[in-house]
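Visitor: Chains A and L are the protein sequences, given in the same order.
Here my numbering is used: the first residue of the first sequence is 131, the next is one more, and so on.
Here my numbering is used: the first residue of the second sequence is 131, the next is one more, and so on.
Worth flagging that the hints you see were computed from the coordinates, not collected in a lab.
Every value quoted in this text rests on a predicted model; they were computed, and no experiment measured them.
Do not take every clue at face value.
Note: identical chains are not told apart, hence a pair may lie in one copy or across any two.
To be verified - Only pairs whose alpha carbons sit at most 30 Å apart, straight line, appear in this in silico DSS-like list of lysine-lysine:
(1) Lys260 with Lys497
(2) Lys254 with Lys523
(3) Lys189 with Lys462
(4) Lys497 with Lys523
(5) Lys189 with Lys254
(6) Lys254 with Lys462
(7) Lys260 with Lys507
(8) Lys155 with Lys189
(9) Lys254 with Lys155
(10) Lys507 with Lys155
(11) Lys189 with Lys319
(12) Lys189 with Lys523
The primary structure of each chain is shown beneath.
There are 2 protein chains.
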Amino acid sequence: MALLVMKFGGTSVADLPRIRGAAAKVAAEVARGHDVITVVSAMAGRTNELVGWVDATSKFYDAREYDAVVSSGENITAGLMALTLQEMGVPARSWQGWQVPLRTTSAHGAARIEEIPRASIDAKFAEGMKVAVVAGFQGVSAEGRITTLGRGGSDTSAVAFAAAFGAIRCDIYTDVDGVYTTDPRITRKARRLDRIAFEEMLELASLGARVLQTRSVELAMRFGVPLRVLSSFEESTESSGTIVCPEEELMENRVVAGVAHSRDEAKMTLTAVQDQPGIAAAIFGPLAEAHVNVDMIVQNISDHGRTDMTFSCPVDQVARAERAMLAARERKEFAFDELVADTEVAKVSVVGIGMRSHAGVAARMFKALAAEGINIKVITTSEIKISVLIDRKYMELAVQALHDAFELHAGG
Amino acid sequence: MALLVMKFGGTSVADLPRIRGAAAKVAAEVARGHDVITVVSAMAGRTNELVGWVDATSKFYDAREYDAVVSSGENITAGLMALTLQEMGVPARSWQGWQVPLRTTSAHGAARIEEIPRASIDAKFAEGMKVAVVAGFQGVSAEGRITTLGRGGSDTSAVAFAAAFGAIRCDIYTDVDGVYTTDPRITRKARRLDRIAFEEMLELASLGARVLQTRSVELAMRFGVPLRVLSSFEESTESSGTIVCPEEELMENRVVAGVAHSRDEAKMTLTAVQDQPGIAAAIFGPLAEAHVNVDMIVQNISDHGRTDMTFSCPVDQVARAERAMLAARERKEFAFDELVADTEVAKVSVVGIGMRSHAGVAARMFKALAAEGINIKVITTSEIKISVLIDRKYMELAVQALHDAFELHAGG
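Let the hints inform the model, and build the full structure from the sequences given.
Guide: Rendered as structure tokens:
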């Protein structure tokens, strides 16, 4: 009997009627002949309530106690989901992270999964159970304390269970019906993709298309677990949603899969930096220590041994980056004339594995932006992605222009 | 270092300010030199919310899933309490039932404690921890599933921890400031008792003085753990509250400790039952099977081989009792003429270990009731208790009269 993993996020199990809706989807897969492991999040709002209590109690909290408190939301959903399935006549039981046990590192709040022994759940499948309901987002450390997996933890749990149990697929039920060529709020021409490669999804996820957490996609890619993203609130069929799969399994032969955007970017430039070996390390070391997530980096051509160094980071980290740079100059680690921050920029990217074999993607991209009179401030590229930093006010226009230029409404 | 167990009920930890109040009481005991195990309930209202969800999900629910869901309320409080203590500078950590582990039977929803290994908590005390915060009401079965202990479970947890760890005392913090000679809402002459014997407390608890659960008092008596009942909402001193202790440790030399009452009683009489061996078994067997909690039983003098059989039970079980009796007659298990139910009765009791050595308590009680013109319908006695069933409308009057007759306002 083929095993399927089905994951339901917080909005998909926000209240008892929605838990029933999710359970009905699980029951339908059981009726199709599947055994199911379903991974559930906390009911929407519960985790925020718990986090709020912890924050109100203690400023510098003990992450072990934070995890003990916050993980309870998923436990509640898991029990209620098991009861709902039983009520529908589907043999089901719940597992909390420590019961499986889903073993993790002791990095509380951001633990990494180490092992998922199958014995406990397999024994119940052997006894005729059809659905194992697992509380997402949590595990247990070697010390026997509850851990949580951090942001997007339930997606990660789901993929890890799919890998450990050799599931045929991991279905991620959420509040959107799949992965789109771009944000449908920006252009109505945005089209749902039937399939997308892991690598493309990774670039889109990290570029701000908030459907799947990067970590869960990485894990799925590593273990070759096909993911499907689909809506909790629509009737599901075999062709619902978007399949995220190895590149070999893509049907379409396209150059660009999608256009991503990220609004909250800032550009910072250090002018007249000495152009000498080790200068990059001198600059980006202190930024890393200050927990500034530097994204794009550009160094100008040197002029009389001096150069300008430009980098981008999230806009809410600008103040921190400035403090780090000024302090480093104070400590005479390096010199610069001015520090110029531009906090009115956005990043727009085109992503597609087809770029590897197709030349001219960058030229087509820059031409489309030029035709709209949009100035490019910084460019970075990877094997399957080209990103540009532009004035934020042109972001929507750029996305629309690129979506048109690569004919994404028609299949790329 | 002497170890103290401190238990806080739901109203004592109803919100973050109250959790801080409870934590301050724990910190004060640490400052006095105690190591502390504190057992916490769910924040008031949380358990009801969780139970409501389970009830709405499933009529005949799987008690294992019920326990998994409902136990989460205590886990939240335990984590928040540990964080609050840490914030106050007191080294503390939380334990969920399975982490201790508090081992129980598999009778989900009403599990019995089997064992509390000390190793995990003792190891942390040895490392300098001052407070172990334990989630009350819950444990773990041999199958590794979460169990709950049923009604008053957190009191029972607290006493069990006190017994397992050889605590000098188990302090039960609640919303009243101790055990009273009678319900202060009935007479303002009611007086807080400094001390009361386990046996007396047991009779008072089961007679409707709802301060402590019967089960926790039984456990405390069995293991010789002194209990103290005191208020969460008042400044505590060494002499606060009421100590429940072995009879030998009572200071006072009194006959009667208190007057208890129970409003929701009913009296049922089967008339003209055959007076023959086995008739009591024939009647009370079907009542037990129907889960009717029979309390008092009286059999009239036989007249020509026939007798009247009277018993009392909670008023909400009358319909069930009637069905059981009529069905038994239908099956010809025994015969009777009429079944007469009186649902307007109350039970009033005087309790005191001094009765063992003092004669005349019953006479004094009946005389006091007679002086008020109160008719006694049924009488039962035990070694340390005399109970009467009377018309409900006289209940308050009877309590006041007995409180006066035994001079309880002045120390009995």
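Visitor: When the hints from earlier in the document are held up against this structure, which numbers fail?
Guide: 1, 2, 3, 6, 7, 10, 11 and 12
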